[in-house]
Amino acid sequence: MVKLERINLQKEGLTKFFSPNEVRILELLWEKGDMTSAQISEDLENLSHAVVAGTLDRLVKSSFVERRLDEGGPRMRYIYSPVGGRDEVGLRISERVIDSLFETFGDATLSALGKVRKENEVR
Amino acid sequence: MNSIQGCYVCLSAAGILIPIIVLAAVTALLFVAFYMDRGFKPLVGAQVTLTVVISSSLLSMECYMSAWVWGYLGLVLAGAAVITLLRQFNASRLENTSLGQFDALADLEDEFDVRIVVLDTQRVRALAYRGTVYLSVGLLEQLDDDQLRAVVAHEAYHLRTSPSRPLSALLALTSLTFLRYNDEHSADAYAAHVAGVDAIVGALDRLNIEGREDRAERLRQAL
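If you're matching them up, the sequences are chains A and B in order.
First residue of the first sequence: 71, per the working numbering; consecutive thereafter.
First residue of the second sequence: 373, per the working numbering; consecutive thereafter.
Just so you know, the hints here were simulated from the structure itself, not pulled from any lab data.
Careful, some of the hints might be misleading.
[To be verified] Ranges between beta-carbon positions, derived for each pair:
#1 B:Val454 with A:Thr174: 38 to 48 Å
#2 B:Gln593 with A:Pro90: 39 to 49 Å
#3 B:Phe461 with A:Pro90: 53 to 63 Å
#4 B:Gly583 with A:Arg145: 20 to 30 Å
#5 B:Ser470 with A:Ala108: 18 to 28 Å
#6 B:Phe461 with A:Glu191: 36 to 46 Å
#7 B:Phe461 with A:Ser118: 53 to 63 Å
#8 A:Gly124 with B:Phe461: 20 to 30 Å
#9 B:Arg459 with A:Thr85: 41 to 51 Å
[As the list claims (entries may be wrong)] Computed list of lysine to any residue pairs in SDA-like fashion (alpha-carbon distance at most 25 Å, straight line):
#10 A:Lys131 with B:Phe474
#11 A:Lys131 with B:Gln473
#12 A:Lys131 with B:Thr399
#13 A:Lys102 with A:Asp140
#14 A:Lys73 with B:Asn468
#15 A:Lys188 with A:Leu171
#16 A:Lys131 with B:Ser470
#17 A:Lys131 with B:Arg495
#18 A:Lys102 with A:Glu75
[What the hints assert, rightly or not] Beyond 12 Å from chain A on every Cβ pair, some chain B residues (computed):
#19 Gln514
#20 Asp517
#21 Gly574
Here the structure is a predicted model, which means the values were calculated and not measured.
The beta carbon of each residue, even a glycine, is placed where N, CA and C say it ideally should be.
The task is simple: from the sequences and hints, build the whole structure.
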């Protein structure tokens, strides 16, 4: 789950909700599907393997990314894949944020949602 | 002079025999436990420390020996209790991230007579704890066979030279036996002896271990 205290609305795009490194890995996985950590490190050249490893652990823990153990090769390794695409991540984060807003502001949140919806339909 | 005379008076007093016997018996028991646990070398270190502890208390006690004996015993028992609890806590934390044992590592388990448990993390982790070598998937992914063998040898060395029971762990702590026999450089030397210098240096390098240049340098000097 995205931690609400980490949300920063001043930032751009997905970095509102994730760290820049998490975004790079997520986008890579959305683009390419199943990958090993070695392949991810290779694609993200300026990130050290240690940083990639720590970021992957965090993404798995927050279940935006899942991994399975591949024992077929000479050595066991993880294969990573994203849990849902961009839309599904958007849905999860929106739900979490709206839940929290509703908890605090009640019906005002629903009115705001209705307003936002109307404005976007007009566009 | 006074303290030596005080000590003499103290030793010749009839009541003093009991605490001496208790202290001697407990010390002997600790030695036996420690010896059975970890062989001869750590025993020497522990013995030296205990001798210093006992003789310094004899010199400074001036008839307060019972208090010293009970104080020392209390320290040993309280320390052992704390170590036991800490170990329990650490072990349960490790078990929470464990994926269990794997057939692919059975040969290494047999060779070094250890249990190898795989940790569920992409981060590089290798540690030895209570008869078990813990290796992370992130570590396994990166090493070739020789390098992996070197890492297991390194951790197995830590297991063999670190006391597994709380009482002997405490004795080892108080006698600085950890520092003398169970440092990273000795473990590296053992790994180099078993799997070759290139394998252990290669593993340190591959895993980007902090201080790897210094450790590689010390290995090469030792050759």
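Quick rundown of the hints versus the structure:
1. B:Val454 with A:Thr174: 38 to 48 Å: 45 Å, holds
2. B:Gln593 with A:Pro90: 39 to 49 Å: Given a distance of about 43 Å, which is inside 39 to 49 Å, the answer is holds.
3. B:Phe461 with A:Pro90: 53 to 63 Å: 35 Å, violated
4. B:Gly583 with A:Arg145: 20 to 30 Å: 25 Å, holds
5. B:Ser470 with A:Ala108: 18 to 28 Å: 23 Å, holds
6. B:Phe461 with A:Glu191: 36 to 46 Å: For Glu191 of chain A against Phe461 of chain B, whose Cβ atoms are near 57 Å apart, the range 36 to 46 Å is violated.
7. B:Phe461 with A:Ser118: 53 to 63 Å: 31 Å, violated
8. A:Gly124 with B:Phe461: 20 to 30 Å: Given range 20 to 30 Å: holds, Cβ gap about 24 Å.
9. B:Arg459 with A:Thr85: 41 to 51 Å: At roughly 42 Å between Cβ atoms, Thr85 of chain A and Arg459 of chain B fall inside 41 to 51 Å, so the hint holds.
10. A:Lys131 with B:Phe474: 23 Å, holds
11. A:Lys131 with B:Gln473: Holds, because 22 Å separates the two Cα atoms, which is no more than 25 Å.
12. A:Lys131 with B:Thr399: 49 Å, violated
13. A:Lys102 with A:Asp140: 18 Å, holds
14. A:Lys73 with B:Asn468: Status holds; Cα separation ~23 Å.
15. A:Lys188 with A:Leu171: Within the cut-off at roughly 19 Å; holds.
16. A:Lys131 with B:Ser470: It holds: about 15 Å lies between the C-alpha atoms, which stays within 25 Å.
17. A:Lys131 with B:Arg495: Holds, at about 13 Å.
18. A:Lys102 with A:Glu75: 30 Å, violated
19. Gln514: Per Cβ check, Gln514 of chain B is inside 12 Å of chain A; nearest 8 Å; violated.
20. Asp517: 8 Å, violated
21. Gly574: 15 Å, holds
Hints 3, 6, 7, 12, 18, 19 and 20 from the list above are not met by this structure, while the remaining hints are.
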